[in-house]
Structures are given as C-alpha cells and as structure tokens.
Amino acid sequence: MPPSSTNLTANRVRRGFYLDSVALMRLSQTVSALPGVTTAALMIGSASNRGILHEAGLLTPGCDAGANDLIIAVQAATQAQLDAAVNRAEELLDQPQAGAVAGSTRRPRTISAALTDLGGANLALVSVPGEFAAGEAHRALGLGLHVLIFSDNVSYEEERALKEEAQKRGLLVMGPDCGTALIGGVPLAFANEVALGDIGIVGASGTGLQEVSTLIARGGGGVSHGIGTGGRDLSEKIGALTTLAAIDALDADPGTKRIVLISKPPAANVAEAVLARVARSKKPFVICFLGAKGLKLPANARFASTLAAAASAALDKPVTGSLDVHSTAAQARAGFDGQRRWIRGVYTGGTLCGEAQIVLRDTGEPYWSNAPIPGSLPQQSAVAHSLVDYGADEYTRGRPHPMIDPALRDQALATALGDPAVAAVLFDCVIGHGAHADPAGAVARVIKAGPGNRPALVASVTGTDADPQNRATQVRTLQEVGVLVAASNAEAASLALAISRPR
Amino acid sequence: MAIDSLLRLPLKVVNVGLAGFAADLKARGVAVAEVDWAPPARGDARLAALVSKLGALDSVDAANREALGRFFKAEPVLVDVRPAGEVLTRLKDRMILHAGPPIGWERMCGPLRGAIQGAIVLEGWAPDLAAAETLAASGGIAFEPCHHHDAVGPMTGMITRSMPVMIVENRTFGTRAYCTINEGLGKVMRFGGNDAEVLNRLRWLATTLAPALAGALRLQGGLPLKPLIARGLSMGDEMHQRNVACSSLFIRQMAPWLARAVSDSATLASACEFIGANDQFFLNVAMAMGKAITDPARGVAGSTLVTAMCRNGTDFGIRVAATGDRWFTAPVEQPRGLYFPGYTEKDANPDIGDSAIVETIGLGGFAMAASPAVAGFVGAGSAAEALNYTRAMYDIAFGRNPDWTMPALDFAGVPTGIDVRKVVETGIAPTINTGIAHRLPGIGQVGAGTVKAPLACFEQALTAVAGKLGVG
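Residue numbers (the numbering used here), protein chains in the order written: chain A, 6 to 508; chain B, 1476 to 1947.
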C-alpha cells in the first residue's frame, strides 16, 4: 500500500543484529498495534527485505541497512506516535521474553533468579531456617521486594537492621516471626479467607490478626489489608518500625476507612510514638493493646480491651452470636456436684490465651498461666484457674506448633476431662491456611474417648466458612460431642467463667 | 518506592522456604515463583557472609553493569588471517603458547606434552619427537598461556610463530584477539596429535588456506560475527560442541570472496572442501570472538564478572574483571560424556583448552537450550533437560544478551556475565561443553561431553575481590 500523504515514516537501523524472522514478525505485529501506528515492520536489511519495505512505502531514502542489520520501519500519524513506536520496538528487542517454558521443571535457586522468571514480583515470603532468614530478606529488599519473614530465631539486631533498610528503600518488612498477613484479600502464611472490605489491620500477633479479621468477616464486614509486624516490633529495641510503616501505608490506602492495631502492650515510649502517629491520621483507629491499661488515646482512637471488642469497634456493632451466656452457663452447671470450680484453658494460640486472661483478670478471678499477660497477678497455687499456651517455646521445641499438630494440647485436654475439680475446659480451634486439616475432628475424638461425667467444654473456632476446613463444619463437629461453641474467644472465656463461678 | 506500593499491586510472590505456602497461593491463582532454596555457599559461613556483603554493595552491581555493557557493546569482526609471528609481537622464537593458566613442563598432561613435541618439530627446533621431548624438558622452550598474548587456543591450544592465526577485531573498543585455524576432527594437534599427517596438515593451513582466507576477508572488509552467531543460535548451534550451522553460514558468506581472492581453482576447491567438511571449523572463530568481547571488560574495577575460563589439562583457571590479569586456579575436573567406539572414560584426559571462553560470553553450555541435539550428545538427554542446563546458568549470570536469543526459550537471551558472587552463593558451577582428549600424547579426540568449572576458583576469586574492595 502506498504511503498516505498525511503519515510520517521513520527507519531506525540496528547494526550487526540478527533475529529469527518469525520472532521479528511477532514484534512487528505488536508495534503495528501501538496508538497512531498505521503499519510497522522489523526486518533484516537483506536486498529482498529492502524490496518488500520499499514496496510498502516503509523504506526511507537514506536507509543504508544491509544484510547484517535490522531495520525498524514505522509509519504513524504524528511525530510523537512515530517516536514512541520506534522506541517501543527498541525496548521489545532489548527485553527478550523471560523463559517460562512448559516441560522445564527446574526451579531457580535464588531470589534474583526467580525474579527473572516472574517479572513484576513484589513480595518475598521467607520461611527458611532462622539463621538464614535475615540474609534472604536482605537480598529480597535489595531487589526491591517487600518481605514477609515467617521464620523466627532472628536476632533483635538483625531485625532492626532489616527494618531500617526497608525504611530506607520504602519497603515493608513483615516479621520476623510474622505468622499471618492478608494483602488485598490474599491470605499469606497462616491466614483465613476473609472478605475484602474497608477495615485495615496491623497486627503484631498472627493469631490476633486471624481472630479479628475472621470476626469482622463473620460480622458482615471485610478487611482491606492485614499487615503482620512480628511479635517484637513494638519492643523498645525495634521501636515499632514496621507498625509505623504499616500505618503510613494504610493511611495512604484509599480502600482503607478505619484501622485496627493489635499488639501486646508496647514499651511506654514506643506506645507514645505509635499513638502520636495515629493522632496525625484522619482515619478512625481501634487500639487493641491486649492487657494495657490507662492509655491516653488521641481523639480519633478508641480502646478495645479484647480482640472481640476490637472487631466490634471496627464494625460498629457487637460480634456476639446467638448463645446466651447466663442461661447456657446455668444449664451447664445444673448437672455439676459442688466440687467443680476451676477453668482449665488449653490453647494453641498464644494471643487467644492472653485474651482469655484479660477476661479473668478483669473480674478479679485467680488464675495461673505459662504466658501471663502484663499486669496480671499469676497464682502459683493449684487452687486457681489455669490458662496454658501450648504454642509457647517450651512446648514447641523440636515439635510442630499445635496449630499444625494439636496432639499435645489435646492430651492436656483429655487430662482435664478427668479432673473432678474442673468446671470448664476452655480451648481454641484455629483453622485457615497452614493450620491442621481438621482440628475439631482431632479434639472431638479425644472428647468422645473421655469420661461421661466431665466438666463443661467451651470453645471458639477462629476462621470462616470460606476456609479450607470450613468453620461451620468445624463448629458442628464440636457441637456433636457436646462442646459449647461461642461466637468469639472472648465470649468463650466469659462463658467458661460463668460456668466456673459458684452461685 | 512508596511504602504502600504493596497494597496497590496485585500480589506476585517469590516463595523462599515452605512449599505449602506457595501451594496455597497458587491454588488461589496468585502468581508465585518458587525458589529451590539451599543454604548459601553450601553452608560455608565465611563465604556466605562475603556473598551477602558484596551483594549489598550497589557499586559492585554498577561495575558489573559496566563490564556486561562492554560485552554487549562489542562489535567483533573477523578481519584477517596472519602468521602468529607477525601479529603476536611478544611471541618470541622458541616460545610455545598453550591453553589454560600458566604451567611448567613437569606438571603438563600427556596431550599437552604430545602437542608441544609436534609443535617443536613443526617449527624445526628439533629433528624428531624424541629430541623435541628432551628439548622441552630441558628448559629450552618458553611456555606461556595464549591468554597472555591476546589469544586463545582450543584443547592444547598450540600457537607458535609459523602458525596462522585468525584475527577478530572488536571495532567498538579497537582491540584484537587471535586464534589458530581449526584443524578438523580426528587426529589433530589440539588433541595431542603429532605425527606426519598432523604436521603436514598444519603446513597446508599455513601455506594455502590461511592466505586464501586472508584474501577473502580483506576483500570483503571483514566478516561481522555477532549477527552470524544470532542466526546460528536459531539454527541449533551453541558454538562449542555444535558449530555446524555457523560453519555452514561461514562458508556461504565466504565462498564468493574466496572465489574472487584465489586465482587457482584447485586451491579454491581445496579451501572450500576443507571448511565445508569440518563441522567444527567455526569454533576457533567463535573463540577469538569470545576473547575479543571479554578483553575490554578486563580490569573493570569492582566487577565480579568472569572475563576468562580456561584449562591446561591440569589446572582450571579463571580471571575476574576486578582483579585484571590474576589467575584463580584449581585442579581441573574430568569431563562426563560419550566416547567414540573403543574408548572409555579410563582413556580420558582431564579437561583442557581455552574454548570455555565461549561459555564466558554466554554460549556453549550456557546456550544449551538453543541446541537440543547437543543435549543428547553430552548426555543431558531430553530437550527439556537442555532447557534446564540453560536455566541453571541464568542463576549465576548477571544478565541476558538481548542480541543472542534462543527460540526454544521463547527468544530469551543467553545467560551472560558469570558473576562469581552468584556461583559461590548457589554452588552452581558453570557448565562447559567440551571435547575429550586421550590422556596419552599423539592419539587425539576420544569423545565429547560436559565438565563443571571447579567452585574453588570462584571461591578464591570472591575472596580476592572482597579483599580489594575492603570487605571481609
């Protein structure tokens, strides 16, 4: 076709270049489809190809390309479009496709090699042994990736160095020891299928993040992003570097309307810095520093004493279920003799264990825990409630976490079933990605094998119906063996408490 | 990058560690690349620390970009063929250049000694092979690596003053590199052959073929090599084990100029016949080109890219840009491969030759994906395995050559610029495609296969570069 008088034609020559003509035709097609381009051809400048280009009106008079050169010939409506198309053609030539070939099973050995396979990667999920985790995280940051470090056993010094480097590069480091995150609805590591919504969460605790996000989802709300920080982020040594970065990110995120912060009570000066950052935001915050008392909050922040309260505050409505605590407790107590007095809490999730302690502490009940929350007055005496975290270090050395394998916890539960002094066995059941495939089924088998004359069984199930284990199924499994399933862990603790209290 | 960038993009995850996390993400349709993780530097804490310190230096990346940029900007052109004595100005009388890093007679392997005896007789420095051996052993001959004279040589790599060398000019940087003419297959000097047939062929190369090629090249103003290689890759060559496409393209391009340059039709016919009958003819051209491409990167301060790999049958040696002319050597490994009828691995000499210069520029073992036929020949088996060879080399290469692409990898560029940091970090050694010489002098080639560059060379180089940069 002869050139139209209104079109401009340009030739750019690459000397000493060869590419297979089929590949060049594919590139020609791509360039032809660019805005304003009437026609484009990338051809080796052999005599016959020059003839073809000439016939097409694509060869400019000065073009001296020969058989060892490539001609990029473009015709477009405006000079700007012409330049853009020729430049794009050069770019396409310089960026041959990444080889992602079917039949090739080899996996890259390093993060940088993986990046060439997966162009545009933005997050590295690091779960290698702790001694190597910081090194891999540094490499990921150096390559411009955000990082989630699931691994633990990373020193404070390394954690601080990683977070400072991330800060310098404008990247986010979640962890180390970050068990849970939800980015744009995608659950990472141990996390649940939660509807997308406008509530952002920043959690130093994975289980806390799971409990709050699933309570929000079950309450009809949704989560924009759940950012895990790692359990030590709000310590004095780390200074909340990730928490502050996460608040910045969620503050800037147009999809996030309100923000929930979940942590153990931070060091005083760290809390001050975090709350000062909260005060600078225009968005409303819910502050859930589990066990904290007497916090001075800015006007845009509300305090929530439990995870359930945090979810309620974020949703602006209570997340309680259909179960009436007082009548249920009365029913449960009806068959008891006078001896049953104490709660035996057997937990897989440390934060849930801490939340239960808050419920007990706030009513002045005596209790003992292997993982006491700050401000509690732990009792050493056997004449008290007990709340044990089976995910604590002393129980997980050399064995999987009880969320993955609850056998040890379920054993302790079996022992409590036979104890005549126990009024209520309180436990958690955490489902979602990464968790045991059927924790309710495992505990149900233990209960069925236990004595007929037994304490009340009170539980909560952290998860949603969209999780692989399906929460409704898990709840039914527990109810079928006589477990009272509360709407939240806090409600379960309240119910256990009501059952244990003598009238 | 803004801190909230993570929240605005669809997630694309690189998973390093527990496979279950990747599986969950994939099941949800999230794009995931899985790293086949192993402790860095094979668990050596000192080397792992050096790797991560050098990895954190932006200056090293900048230096490597500069060095690789020099590779990519090179414009290698085969311009002439001249007697080595005319163009290698420091190649003295009674000096023999050999492949690989420096080595003395006492440590030389059989084929290298055999070739040296032949070269001595060829030059007339001794009347026969026995006298030649005595002369060589007595210190009457100077031995130097080809690499010390801007040259490279395949297998034993013999260069003496009378031998013709092909000249590749890097027109971007104005440098020149040299390699002898390929002698063909079978009993040849590069495999240690040294009988009358071998020496007569070498004389014919010098007196007949070399002037013909030189005339043809000068008439046409030189033969640009980069586009030839690009085309060869798309035709199934990787330019080390397989050169049939490039050798064919070479004679196709050269034939009319040979016809113009050579007046005697018998000479013309013999020249065309010799080149046309030798599938490996182009190897030596590719090697001189490799040397011409890598030399301008020698001495780029702070760069951890390899500028040369070579073997002398005893030691494997590498050079790294940051440390200039220094050799890092380790005992050479035994090739693994297939043998000609009547020979086994018991007959094989350890790996030898400067030809690994082609791997240094991303060809040979690095471009195995372009050459499924070679993958079968060297024992890699299926075409998919050939792709895996190249994919493994991506893990240790600093970049990809946009000019040299491989159809079987959707036109991905060949992995180029061996980064000693990555070699040490991953423990992946460069794969080199190679011919296998008989361990005794005078017998020649007995097979072909692949060989791994010894990791010890790269570990020494990394330590040296780190020391130069004050890291460590």
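Please keep in mind that the hints were generated in silico from the structure rather than gathered at the bench.
Careful: at least some of the hints might be erroneous.
Straight-line C-alpha distance at most 25 Å; calculated DSS-like pairs for lysine-lysine [stated by the list, open to error]:
hint, chain 1, residue 1, chain 2, residue 2
1, B, K1487, A, K242
2, A, K322, A, K287
3, A, K173, B, K1567
4, B, K1548, A, K173
5, A, K322, A, K242
6, A, K242, A, K173
Okay, the hints, checked on the actual structure:
1. B:K1487 with A:K242: violated, 31 Å
2. A:K322 with A:K287: holds, 21 Å
3. A:K173 with B:K1567: Distance of about 58 Å is beyond 25 Å: violated.
4. B:K1548 with A:K173: Violated, at about 34 Å.
5. A:K322 with A:K242: violated, 37 Å
6. A:K242 with A:K173: holds, 18 Å
Comparing the model with each numbered hint stated earlier shows that hints 1, 3, 4 and 5 do not hold.
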